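Colleague: Work out the full structure: start from the sequences and follow the hints.
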Amino acid sequence: QAPQEAGAVAEARMLVNELVSSLDFFPFQVSQAAAELQQYCMQNACKDALLVGVPAGSNPFREPRSCALL
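Mapping to UniProt numbering: the sequence shown position 2 is 2, numbers consecutive.
The reader is advised that the hints may include incorrect statements.
Listed next, with one range per pair, are the computed distances between beta-carbon atoms [as the list claims (entries may be wrong)]:
1. MET42 / MET14: 42 to 48 Å
2. MET42 / ALA10: 45 to 51 Å
3. GLU11 / LYS47: 49 to 55 Å
4. PRO64 / TYR40: 40 to 46 Å
Don't read these hints as lab results, they were simulated from the structure.
Note that this is a predicted model, so its numbers are computed, not measured.
Using N, Cα and C, we set each Cβ at its ideal position, and we do this for glycine too.
Modeller: See the structure below:
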């Protein structure tokens, strides 16, 4: 059983080392993604209906007009 346990321990250590090495890249990727998202939001703020509003004539959520014939 000792060789099997040693193999399991070695495999677990390899997995831990892989996970630790992958964490080294994580903060960089998040900060880069956050910067890109912020840049995208700033570039498209003039088109955002929540920021600039929706013109009354093109609002798809306005109350429908009633028919005058009925």
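Colleague: State for each hint whether it applies.
Modeller: These are the hints, each one checked on the structure:
1. Checking the proposed 42 to 48 Å range against MET42 and MET14 shows it holds: the Cβ atoms sit about 43 Å from each other.
2. A beta carbon spacing of about 50 Å between MET42 and ALA10 agrees with the range 45 to 51 Å that was offered as a hint.
3. As the Cβ distance of GLU11 to LYS47 is approximately 52 Å, the hint placing it in 49 to 55 Å holds.
4. The hinted range of 40 to 46 Å is not satisfied by PRO64 and TYR40, whose Cβ atoms lie roughly 35 Å apart.
Hint 4 alone, counting from the list given before, is not met by this structure.
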